[in-house]
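Trainee: This is what each chain is made of:
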Amino acid sequence: MSLLGEDVMTEDGEFVINMGPQHPSTHGVLHLKVWLDGEIIKKVQPHLGYIHRSIEKMSENLSYRNFIFATSRMDYLSAHMNNEACALTVEKGLAVEVPARAKVIRTLMAELTRLSSHQLWWGCTGLDLGAVTPFFYAFREREAINGIMEETCGARLTQNYMVPGGVMFDLHPNFQARTKEVIKQIKDKFDEYDQLLTGNVIFEQRTKGVGYISKEDAVSWGCTGPMARASGVSCDIRKLFPYSAYDQVKFEEILDTGGDCYARYMVRMAEMKQSVSIIEQLIDTIPEGEFQAKTKAVIKLPKGEFYQRVETARGELGVYIVSDGAASPYRVKYRSPNFSNLSALPHMSKGAKIGDLVAIMATIDLVIPDVDR
Amino acid sequence: MTKEELKQSLSTHLPTATFDEAGEFLNIIVTPAELLPLMKDLRGKSEYNFDYLFCLTCVDWKDHFMMVYHLMSKDHKHVLVVKAKITDRNKPEVETVCHIWRTAEFHEREVFDLFGVTFLNHPDLRRLFLEEGWPGWPLRKDYVDENMIEI
Amino acid sequence: MVIVGLCLLGFLVVLSFILGYMERKVAAFMQIRLGPNRVGPKGTLQIIADTIKLLFKEGLTPKASDKFLFNLAPFIMVITSMLVVAPLAFAKNFQIWDINIGVLYVSAISSMAVIGILMAGWSSYNKYSLLGAMRSGAQIVSYELSIGLSLITIVILTGSLKLSDIVMSQAGGWWIFKGHIPAIIAFVIFIVASTAEINRAPFDLAEAESELTAGFHTEYSGMKFAMFLLSEYINLFVVSAVAATLFLGGWMPLHIGSLHGFNHVMDYIPSSVWFFGKTFFVIFVIMWFRWTFPRLRVDQLLNLEWKYLLPISMFNLLLMTAIAILGWHF
Amino acid sequence: MFLKEYFSTVFKSIGSLLKGMRLTGYYFTHPKEIVTEQYPDNRATLKMADRFRGEVIMPHDELNEHRCTGCQACEIACPNGSIKIITQQELQPDGKKKKRIDTWVYHLDLCTMCNLCIEACPTTAIVMGQNFEHSVFDKKQLKKILNKPGSKLKDGVE
Numbered sequence: 000m001s002l003l004g005e006d007v008m009t010e011d012g013e014f015v016i017n018m019g020p021q022h023p024s025t026h027g028v029l030h031l032k033v034w035l036d037g038e039i040i041k042k043v044q045p046h047l048g049y050i051h052r053s054i055e056k057m058s059e060n061l062s063y064r065n066f067i068f069a070t071s072r073m074d075y076l077s078a079h080m081n082n083e084a085c086a087l088t089v090e091k092g093l094a095v096e097v098p099a100r101a102k103v104i105r106t107l108m109a110e111l112t113r114l115s116s117h118q119l120w121w122g123c124t125g126l127d128l129g130a131v132t133p134f135f136y137a138f139r140e141r142e143a144i145n146g147i148m149e150e151t152c153g154a155r156l157t158q159n160y161m162v163p164g165g166v167m168f169d170l171h172p173n174f175q176a177r178t179k180e181v182i183k184q185i186k187d188k189f190d191e192y193d194q195l196l197t198g199n200v201i202f203e204q205r206t207k208g209v210g211y212i213s214k215e216d217a218v219s220w221g222c223t224g225p226m227a228r229a230s231g232v233s234c235d236i237r238k239l240f241p242y243s244a245y246d247q248v249k250f251e252e253i254l255d256t257g258g259d260c261y262a263r264y265m266v267r268m269a270e271m272k273q274s275v276s277i278i279e280q281l282i283d284t285i286p287e288g289e290f291q292a293k294t295k296a297v298i299k300l301p302k303g304e305f306y307q308r309v310e311t312a313r314g315e316l317g318v319y320i321v322s323d324g325a326a327s328p329y330r331v332k333y334r335s336p337n338f339s340n341l342s343a344l345p346h347m348s349k350g351a352k353i354g355d356l357v358a359i360m361a362t363i364d365l366v367i368p369d370v371d372r
Numbered sequence: 000m001t002k003e004e005l006k007q008s009l010s011t012h013l014p015t016a017t018f019d020e021a022g023e024f025l026n027i028i029v030t031p032a033e034l035l036p037l038m039k040d041l042r043g044k045s046e047y048n049f050d051y052l053f054c055l056t057c058v059d060w061k062d063h064f065m066m067v068y069h070l071m072s073k074d075h076k077h078v079l080v081v082k083a084k085i086t087d088r089n090k091p092e093v094e095t096v097c098h099i100w101r102t103a104e105f106h107e108r109e110v111f112d113l114f115g116v117t118f119l120n121h122p123d124l125r126r127l128f129l130e131e132g133w134p135g136w137p138l139r140k141d142y143v144d145e146n147m148i149e150i
Numbered sequence: 000m001v002i003v004g005l006c007l008l009g010f011l012v013v014l015s016f017i018l019g020y021m022e023r024k025v026a027a028f029m030q031i032r033l034g035p036n037r038v039g040p041k042g043t044l045q046i047i048a049d050t051i052k053l054l055f056k057e058g059l060t061p062k063a064s065d066k067f068l069f070n071l072a073p074f075i076m077v078i079t080s081m082l083v084v085a086p087l088a089f090a091k092n093f094q095i096w097d098i099n100i101g102v103l104y105v106s107a108i109s110s111m112a113v114i115g116i117l118m119a120g121w122s123s124y125n126k127y128s129l130l131g132a133m134r135s136g137a138q139i140v141s142y143e144l145s146i147g148l149s150l151i152t153i154v155i156l157t158g159s160l161k162l163s164d165i166v167m168s169q170a171g172g173w174w175i176f177k178g179h180i181p182a183i184i185a186f187v188i189f190i191v192a193s194t195a196e197i198n199r200a201p202f203d204l205a206e207a208e209s210e211l212t213a214g215f216h217t218e219y220s221g222m223k224f225a226m227f228l229l230s231e232y233i234n235l236f237v238v239s240a241v242a243a244t245l246f247l248g249g250w251m252p253l254h255i256g257s258l259h260g261f262n263h264v265m266d267y268i269p270s271s272v273w274f275f276g277k278t279f280f281v282i283f284v285i286m287w288f289r290w291t292f293p294r295l296r297v298d299q300l301l302n303l304e305w306k307y308l309l310p311i312s313m314f315n316l317l318l319m320t321a322i323a324i325l326g327w328h329f
Numbered sequence: 000m001f002l003k004e005y006f007s008t009v010f011k012s013i014g015s016l017l018k019g020m021r022l023t024g025y026y027f028t029h030p031k032e033i034v035t036e037q038y039p040d041n042r043a044t045l046k047m048a049d050r051f052r053g054e055v056i057m058p059h060d061e062l063n064e065h066r067c068t069g070c071q072a073c074e075i076a077c078p079n080g081s082i083k084i085i086t087q088q089e090l091q092p093d094g095k096k097k098k099r100i101d102t103w104v105y106h107l108d109l110c111t112m113c114n115l116c117i118e119a120c121p122t123t124a125i126v127m128g129q130n131f132e133h134s135v136f137d138k139k140q141l142k143k144i145l146n147k148p149g150s151k152l153k154d155g156v157e
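Protein chains in written order, with numbering that gives the first Met the number 0: chain Z, 0 to 372; chain C, 0 to 150; chain Y, 0 to 329; chain P, 0 to 157.
Since the hints were derived computationally from the structure, they do not count as laboratory data. As the structure is a computational prediction, the values presented were derived from the model and not from experiment. Hints are not guaranteed to be accurate.
What the hints assert, rightly or not - Pairs of lysine-lysine residues, derived as DSBU-like cross-links and limited to a Cα-Cα distance of at most 35 Å, are as follows:
{"no.": "1", "chain 1": "C", "residue 1": "Lys73", "chain 2": "Z", "residue 2": "Lys41"}
{"no.": "2", "chain 1": "P", "residue 1": "Lys18", "chain 2": "Z", "residue 2": "Lys207"}
{"no.": "3", "chain 1": "P", "residue 1": "Lys138", "chain 2": "Z", "residue 2": "Lys56"}
{"no.": "4", "chain 1": "Z", "residue 1": "Lys214", "chain 2": "C", "residue 2": "Lys140"}
{"no.": "5", "chain 1": "P", "residue 1": "Lys83", "chain 2": "P", "residue 2": "Lys46"}
{"no.": "6", "chain 1": "Z", "residue 1": "Lys188", "chain 2": "P", "residue 2": "Lys31"}
{"no.": "7", "chain 1": "Z", "residue 1": "Lys32", "chain 2": "Y", "residue 2": "Lys56"}
{"no.": "8", "chain 1": "C", "residue 1": "Lys2", "chain 2": "Z", "residue 2": "Lys293"}
{"no.": "9", "chain 1": "C", "residue 1": "Lys6", "chain 2": "Z", "residue 2": "Lys238"}
{"no.": "10", "chain 1": "Z", "residue 1": "Lys42", "chain 2": "C", "residue 2": "Lys39"}
{"no.": "11", "chain 1": "Z", "residue 1": "Lys207", "chain 2": "P", "residue 2": "Lys3"}
{"no.": "12", "chain 1": "Y", "residue 1": "Lys62", "chain 2": "Z", "residue 2": "Lys349"}
{"no.": "13", "chain 1": "Z", "residue 1": "Lys299", "chain 2": "Z", "residue 2": "Lys91"}
{"no.": "14", "chain 1": "Z", "residue 1": "Lys214", "chain 2": "Z", "residue 2": "Lys249"}
{"no.": "15", "chain 1": "P", "residue 1": "Lys153", "chain 2": "P", "residue 2": "Lys139"}
{"no.": "16", "chain 1": "C", "residue 1": "Lys2", "chain 2": "Z", "residue 2": "Lys302"}
{"no.": "17", "chain 1": "C", "residue 1": "Lys2", "chain 2": "Z", "residue 2": "Lys42"}
{"no.": "18", "chain 1": "Z", "residue 1": "Lys352", "chain 2": "P", "residue 2": "Lys18"}
{"no.": "19", "chain 1": "C", "residue 1": "Lys76", "chain 2": "Z", "residue 2": "Lys56"}
{"no.": "20", "chain 1": "Z", "residue 1": "Lys349", "chain 2": "C", "residue 2": "Lys140"}
{"no.": "21", "chain 1": "Y", "residue 1": "Lys62", "chain 2": "Z", "residue 2": "Lys32"}
{"no.": "22", "chain 1": "Z", "residue 1": "Lys186", "chain 2": "P", "residue 2": "Lys18"}
{"no.": "23", "chain 1": "P", "residue 1": "Lys11", "chain 2": "Z", "residue 2": "Lys295"}
{"no.": "24", "chain 1": "C", "residue 1": "Lys90", "chain 2": "Z", "residue 2": "Lys32"}
{"no.": "25", "chain 1": "P", "residue 1": "Lys18", "chain 2": "P", "residue 2": "Lys46"}
{"no.": "26", "chain 1": "Z", "residue 1": "Lys91", "chain 2": "Z", "residue 2": "Lys41"}
{"no.": "27", "chain 1": "C", "residue 1": "Lys140", "chain 2": "Z", "residue 2": "Lys32"}
{"no.": "28", "chain 1": "Y", "residue 1": "Lys306", "chain 2": "P", "residue 2": "Lys11"}
{"no.": "29", "chain 1": "Z", "residue 1": "Lys299", "chain 2": "C", "residue 2": "Lys39"}
{"no.": "30", "chain 1": "Z", "residue 1": "Lys299", "chain 2": "C", "residue 2": "Lys6"}
{"no.": "31", "chain 1": "P", "residue 1": "Lys46", "chain 2": "Z", "residue 2": "Lys188"}
{"no.": "32", "chain 1": "Y", "residue 1": "Lys52", "chain 2": "P", "residue 2": "Lys31"}
{"no.": "33", "chain 1": "Z", "residue 1": "Lys56", "chain 2": "Z", "residue 2": "Lys32"}
{"no.": "34", "chain 1": "Y", "residue 1": "Lys62", "chain 2": "Z", "residue 2": "Lys352"}
{"no.": "35", "chain 1": "P", "residue 1": "Lys98", "chain 2": "Z", "residue 2": "Lys293"}
{"no.": "36", "chain 1": "Y", "residue 1": "Lys52", "chain 2": "Z", "residue 2": "Lys42"}
Using the sequences provided together with the hints, build the complete structure.
Mentor: Put into structure tokens, the structure is as follows:
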């Protein structure tokens, strides 16, 4: 289809623009076809698949130890949680008990990842709304967390730290001290975040009442994570189906009833504080012992189907493994949070303005590799 | 409802269905023709009230396709897996459920794209990830791609 | 006259280099980073390197564009912004053209910039450009009002449209101090409205990088793009210079009442330093806005003008008239 | 009442904007807070974390001996096929045949640094190196042969 010609304007005088695949605020290669009436959006149609890497097909040919690495590349900002979901599914199939130490390490790492992911989101939200400076402040704190990751896991973003049975290495000796220090720093910076964006009148105007989605719609569209919780849907997998060490810690499930961009923003801001509190609870009480349960060199899952859900930074990630008893999965399905969250975008952005579309995309917190997989 | 109660209730509701309790969740296996009425009841009847479709996928079992729907109720907190066995491999067809759960729209497009299962009455059934006119259905077990590199 | 003109051109180009460097450094320091620091000492030559890069870049013209208007638009932008420099008083007894309707001239010519933007957006044959241009049209037309009204408050006090008269009238003290609260309000409104007038964040809707990629200059590259940048910086300078002239006393040194010793010391500082110091202070404030605030949405932008700035400035004008008539100003 | 509301909105808005400006102004006046890493300049002092995964390397000792027996566990463990081990049979002095590596091919361009090969190696013959500056002009240079010419298996490693 050509960019010009019939696609420029429909018969009703609607203006058609293509946002993406290369666009500053689509956070990757997402292509949105937007029908406009002046500045007002009539219809949005997402076109996906620009970075489809067929991770599901790849997984069918990899062993149970190997297929986990690819999930780091799905939602690269919650690589830990993706890996954890796969590891938990394999453990469920094997009926392996994970050592208590590994459970706590997994939880700590997942919360650090969530914190850094939300920080990146905070910076990007500012950037999308036209404020460039928050991006740099967010990256300063994120950098500290990435440093911890690098020290313990060996990589900053695609850590591949979870293995079936536990974690790949033990914690780095510096881990506890360094994490405590970083957490203390981050707590001080929450105030700055509020000064720069939360209370800002322009920011509030840009987000309040924008991109509303009701509770019923959020459930029906399969929205999860902070996005659904901002509409009042209780969907925190950490609370509903606790895994790893989440049953040992006290934390709140943040719910808001606003359903708009501002509510989503506030939920994420509050979630960061909850993550900090979870880390503080666990950091001093990491149990001693093994960090990895013994598993066979070649893992073979019994025949059957295994489903495991975890709460990533963006919502519910489901891993569905169908095993036929061989050394590699027969079918793997990743129910990725972004995929469902994105599907609600056309519904949410109807009647909004172009500037709102950017705000909505920013507060859904899209990571396109997770949509395309 | 617990797994047992759910099974009890559903077997009276739909006597022709078969059940599988081996896994974590209760599985109910139906034919494609039975699927849509069952789904409507599962969503509509207050004792089931499955308002949240959290996973929709398909498994290629070489001789047949198995549509898998993971349902959950936010109120009752029970989970049910509905499976529809599509035996016609050449022309796989099943009714869409995207009018019951809006999230199914994208998930069904994904299944159509990668497995070639046609969803009847789907409002916008197009390829989702792959371009129009892509040869074959990549997630089928018999899919061959000349460009694939064997490692 | 030709020599003066050429000197002025050279001066404006150098000035835009300085502003470009300043903007990057201000942004960098506000964003806890270093900014340009590789080319030349402390990165001072970075902007020259960028200019050379832009000069050698291919200037693309979209196939379906209106080529004449497409090529004309950047020139219109630069010329209109340069025209406004003429009546400015840079230093004591240094003014290129002391026209007797200086304020009117400034506000008339500066509103011409919208023609260049509309031309660029329309002729590019790009939907983003067109949207950006349309936004800019609505924006500049409405913000023009507030600028005019806040300028008039000072004209009422001085009783003259001549910029040199306005500067001379501030010999005893700047209008922002002498004019009570209305002058301060007018100053704030002028800064806000002129930020919008020159399309800078948080009012950069015509560009709106995250929404419209680059707005009206999406399709421009190479030297033509550089001309848009040049005009943006000259506009920034002009607006700040006008604010400095009208509200902060132009090249007049800071005098405080009867502190003669202090006033005497202030007189020793050259008048051009006073002028540029004030101008750069205003420029810094506008840059500060840019690197702090999120962007407004297009309807909020118009809300701000029609619901807040315009009524306040109208009321402010009334107040100022009363003050001027009653002679309450110092 | 309308006026009161109107002006309180104006003042609150200006207040919230000034709050943000105070923060950026603070950072503008405190250049000590700058966190920029001066990367190519600090190369001499830059130390990566000891577990950092930059590339797979095969340490050789001073006698040019490595610890790789050619068991190919890493090759099997690699999800991307970035490792290829070519072995050959060598006649031992006692008449027995023994497998020995000929070339240990490492495709750095395919590697995702997932660490699975290191985990799989029974003799710790390979480790992760800290070097991360891999950019080259020719893609072919990313195909590396890790065993040094003339190297042999360290005695006692089975």
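Trainee: Take the hints in turn and mark each one as holding or not.
Mentor: We went through each hint and held it up to the structure:
Distance check on the hinted pair: Lys73 of chain C and Lys41 of chain Z sit about 32 Å apart at the alpha-carbon level, within 35 Å; holds. The suggested pairing of Lys18 of chain P with Lys207 of chain Z holds, with an alpha-carbon distance near 20 Å, which does not exceed 35 Å. Distance check on the hinted pair: Lys138 of chain P and Lys56 of chain Z sit about 27 Å apart at the alpha-carbon level, within 35 Å; holds. A threshold of 35 Å between alpha carbons decides the hint, and for Lys214 of chain Z with Lys140 of chain C the separation of about 39 Å lies outside it, so the pair is violated.
Restraint check for Lys83 of chain P and Lys46 of chain P: satisfied, since their Cα atoms lie roughly 30 Å apart, inside the 35 Å limit. For the given pair, Lys188 of chain Z sits about 17 Å from Lys31 of chain P by alpha-carbon distance, which is consistent with the 35 Å threshold. Note on Lys32 of chain Z and Lys56 of chain Y: the hinted pairing holds, with a Cα-Cα distance of about 31 Å set against a maximum of 35 Å. This hinted pair checks out: Lys2 of chain C and Lys293 of chain Z have alpha carbons roughly 32 Å apart, not beyond 35 Å.
Of the pairs offered as hints, the one joining Lys6 of chain C and Lys238 of chain Z holds, with about 26 Å between alpha carbons and a cut-off of 35 Å not exceeded. Between Lys42 of chain Z and Lys39 of chain C the alpha-carbon distance is near 28 Å, which keeps this suggested pair within the 35 Å criterion. Annotation: proposed proximity of Lys207 of chain Z to Lys3 of chain P holds, straight-line Cα distance about 23 Å (limit 35 Å). A threshold of 35 Å between alpha carbons decides the hint, and for Lys62 of chain Y with Lys349 of chain Z the separation of about 33 Å falls inside it, so the pair holds.
A C-alpha spacing of about 12 Å is found between Lys299 of chain Z and Lys91 of chain Z, which places the hinted pair at or below 35 Å, so the restraint holds. About 26 Å separates the Cα atoms of Lys214 of chain Z and Lys249 of chain Z, which keeps this hinted pair within 35 Å; it holds. A C-alpha spacing of about 30 Å is found between Lys153 of chain P and Lys139 of chain P, which places the hinted pair at or below 35 Å, so the restraint holds. For the hint pairing Lys2 of chain C with Lys302 of chain Z, the CA-to-CA distance comes to about 21 Å; that is within 35 Å, so the pair holds.
A distance of roughly 42 Å separates the Cα atoms of Lys2 of chain C and Lys42 of chain Z; the hinted pair therefore is violated under the 35 Å criterion. Distance restraint check for Lys352 of chain Z and Lys18 of chain P: the Cα-Cα separation of roughly 28 Å lies within the 35 Å cut-off, and the hinted pair is therefore satisfied. Restraint check for Lys76 of chain C and Lys56 of chain Z: satisfied, since their Cα atoms lie roughly 32 Å apart, inside the 35 Å limit. As the CA atoms of Lys349 of chain Z and Lys140 of chain C are separated by approximately 40 Å, the hinted pair breaks the 35 Å bound.
Between the alpha carbons of Lys62 of chain Y and Lys32 of chain Z the distance comes to roughly 23 Å, so the proposed pair stays at or under 35 Å and holds. For the proposed pair Lys186 of chain Z and Lys18 of chain P, the alpha carbon gap of about 19 Å is at most 35 Å, so the pair holds. Distance check on the hinted pair: Lys11 of chain P and Lys295 of chain Z sit about 64 Å apart at the alpha-carbon level, beyond 35 Å; violated. As the CA atoms of Lys90 of chain C and Lys32 of chain Z are separated by approximately 31 Å, the hinted pair is consistent with the 35 Å bound.
For the suggested pair Lys18 of chain P and Lys46 of chain P, the alpha carbons sit about 39 Å apart, so the restraint of at most 35 Å is broken. Taking the CA atoms of Lys91 of chain Z and Lys41 of chain Z, the gap is near 46 Å; set against the 35 Å cutoff, the hint is violated. Using a Cα cut-off of 35 Å, the hinted pair Lys140 of chain C and Lys32 of chain Z holds, with the two alpha carbons roughly 33 Å apart. For the hint linking Lys306 of chain Y to Lys11 of chain P, the alpha-carbon distance of about 16 Å falls within 35 Å, and the restraint holds.
Between Lys299 of chain Z and Lys39 of chain C the CA atoms are separated by roughly 38 Å; this puts the pair beyond 35 Å, and the hint is violated. Under the criterion of a C-alpha separation no larger than 35 Å, the hint pairing Lys299 of chain Z with Lys6 of chain C is consistent with the structure, at around 30 Å. The hinted pair formed by Lys46 of chain P and Lys188 of chain Z meets the criterion: a straight-line CA distance of about 27 Å does not exceed 35 Å. For a cut-off of 35 Å, the pair hint linking Lys52 of chain Y to Lys31 of chain P stands: about 32 Å separates their Cα positions.
With a CA separation close to 28 Å, the supplied pair Lys56 of chain Z and Lys32 of chain Z stays within the 35 Å bound. For the hint linking Lys62 of chain Y to Lys352 of chain Z, the alpha-carbon distance of about 30 Å falls within 35 Å, and the restraint holds. For the hint linking Lys98 of chain P to Lys293 of chain Z, the alpha-carbon distance of about 29 Å falls within 35 Å, and the restraint holds. Note on Lys52 of chain Y and Lys42 of chain Z: the hinted pairing is violated, with a Cα-Cα distance of about 41 Å set against a maximum of 35 Å.
When the structure is compared with the earlier hints, violations turn up for hints 4, 17, 20, 23, 25, 26, 29 and 36 and for no others.
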